[in-house]
Amino acid sequence: MGTGLSYHARHDGGQGTADMKWSSRSLGSPLQYQIFHWLTRCRALPLARVLLAFVVFYYTLLPQVRRRCSFYLQRRFGRAEGWTGFIHAYRLYLNFGQILLDRMVAGTTGRFPLCVTDPAVRAILLEAALNPRGCILLTAHVGAWQVGLAGLEQVDRPVHIVQVHDPDDPDKHYFERGKGRMFHVINVSEPIGAFVAMTAALRRGEFICLMGDRLPNDRDTEHNVTVPFLGGNIALPISAYALASITGAELVMLFTVREKGLTRALLAERLKVPPELSHHDPGVFLPFAMRFAQAMEACVQGYPYQFFNFYDMWLDEDDKKGR
Amino acid sequence: MIKKDVEKALKSALVEGLRLEGIQPEDIDDQAPLFGDEGLRLDSLDAVELVVIVEKHFGVAIADAEEARGAFASLSGLAEFILARRQSS
Numbered sequence: 001m002g003t004g005l006s007y008h009a010r011h012d013g014g015q016g017t018a019d020m021k022w023s024s025r026s027l028g029s030p031l032q033y034q035i036f037h038w039l040t041r042c043r044a045l046p047l048a049r050v051l052l053a054f055v056v057f058y059y060t061l062l063p064q065v066r067r068r069c070s071f072y073l074q075r076r077f078g079r080a081e082g083w084t085g086f087i088h089a090y091r092l093y094l095n096f097g098q099i100l101l102d103r104m105v106a107g108t109t110g111r112f113p114l115c116v117t118d119p120a121v122r123a124i125l126l127e128a129a130l131n132p133r134g135c136i137l138l139t140a141h142v143g144a145w146q147v148g149l150a151g152l153e154q155v156d157r158p159v160h161i162v163q164v165h166d167p168d169d170p171d172k173h174y175f176e177r178g179k180g181r182m183f184h185v186i187n188v189s190e191p192i193g194a195f196v197a198m199t200a201a202l203r204r205g206e207f208i209c210l211m212g213d214r215l216p217n218d219r220d221t222e223h224n225v226t227v228p229f230l231g232g233n234i235a236l237p238i239s240a241y242a243l244a245s246i247t248g249a250e251l252v253m254l255f256t257v258r259e260k261g262l263t264r265a266l267l268a269e270r271l272k273v274p275p276e277l278s279h280h281d282p283g284v285f286l287p288f289a290m291r292f293a294q295a296m297e298a299c300v301q302g303y304p305y306q307f308f309n310f311y312d313m314w315l316d317e318d319d320k321k322g323r
Numbered sequence: 001m002i003k004k005d006v007e008k009a010l011k012s013a014l015v016e017g018l019r020l021e022g023i024q025p026e027d028i029d030d031q032a033p034l035f036g037d038e039g040l041r042l043d044s045l046d047a048v049e050l051v052v053i054v055e056k057h058f059g060v061a062i063a064d065a066e067e068a069r070g071a072f073a074s075l076s077g078l079a080e081f082i083l084a085r086r087q088s089s
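Those protein sequence lines, which keep their order, are chains A and B.
According to my numbering, the first sequence is numbered sequentially starting from 1.
According to my numbering, the second sequence is numbered sequentially starting from 1.
Isolated chain A (complex conformation) (with noise of 0.2 Å):
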């Protein structure tokens, strides 16, 4: 997409599954993503969204770039070929692009005037405000995340967002530089440093935002666990569940969509963990885990456009035995 791909799949060559591998650059160019950004400091949005739906339409019509949705596209609404097929991956790219577009327009004019908090969703985080120990925001890459987090003004708390920095993507650090609310960036890259930082800032009563449905990396087997998801197993991280039971900081499960173009929170739920569970044993973190992914089937049921892993995230049966 012209405003970039903040997360996709990379494709190393193969036709198995195995070579689709996370990856966190843009499709975009850096010019493609100058163009659109140089429109919405013109304000003419309006003609940004036109240009967005162009753009993605040649970008579908890639071969490759419609496999990277596939995986999921498959799981959710069956296999679909064809013109079918296409109208599908469309949709969930046009969306996508959407959502991108309104991080831009967030980060660059500091105006947040898209979000819509429900009153139960308010009182949830308010609440989850008064842990000394901090509260952990689990969200995963449904709907518009960063957005609806921006749009969180009535937490009075620093917010730190964990994330792998990548210097060389343009669109992904919006907040960094962008008029927006001042987010704080956990670089994951270096995870000791990057834990001990979520722990520090949890201490000081701050909010983090961790991405509960990807695994940091593709090494990382201890800290998973398996959980059904869309008719499939997928693994996911117990870091948040874990860091909540050392911590005892307040763990709120919250996902974020795109509706009529406003953006709302859909979810928000806390998840009640016991302090002092062994993280060495990632089966005790399987209840939340299975919440996590529950949640996040209905989000997609509703939603089907708005899921954004755009890599094959399923585990095939070798996988499932050796974990």
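Don't read these hints as lab results, they were simulated from the structure.
Keep in mind that a hint or two might mislead.
So the derived label-pair ranges between C-beta atoms look like this [unchecked claim]:
#, chain 1, residue 1, chain 2, residue 2, range
1, A, ALA44, B, GLU38, 56 to 64 Å
2, A, LEU286, B, GLN31, 34 to 42 Å
3, A, HIS184, B, GLN87, 23 to 31 Å
Cβ-to-Cβ under 7 Å is the rule here; a few derived chain A residues that face chain B [what the hints assert, rightly or not]:
#, residue
4, GLY193
5, VAL196
6, ILE246
Just so you know, even glycine gets a beta-carbon here, dropped at the ideal spot from N, CA and C.
Given the structure of chain A, go ahead and fit chain B onto it with the hints provided.
The following block gives chain B in isolation, referenced to the frame of chain A:
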């Protein structure tokens, strides 16, 4: 409190707090790395526990990744960090 005392107390706290099975406090080498492929071979979630243990047992907070980088080099390094912090406070 001298460094040896801190190291001894740290070893006991680590074995108990991190639930290091099959390891006695006296088995821990002062100079061996805490993380990585050698030494205690702790992982990233152990780092979280370590931050909490150090604060709980010694009243010293590890504020960020930069501080942790030096403090977590070895048990001896961690003891020095704790002593330095306690003296400066």
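Hints, one by one, checked against the model:
| no. | hint | in the structure |
| --- | --- | --- |
| 1 | ALA44/A / GLU38/B: 56 to 64 Å | 57 Å, holds |
| 2 | LEU286/A / GLN31/B: 34 to 42 Å | 38 Å, holds |
| 3 | HIS184/A / GLN87/B: 23 to 31 Å | 30 Å, holds |
| 4 | GLY193 | 3 Å, holds |
| 5 | VAL196 | 4 Å, holds |
| 6 | ILE246 | 5 Å, holds |
Of the hints listed earlier, there is not a single one the structure fails to meet.
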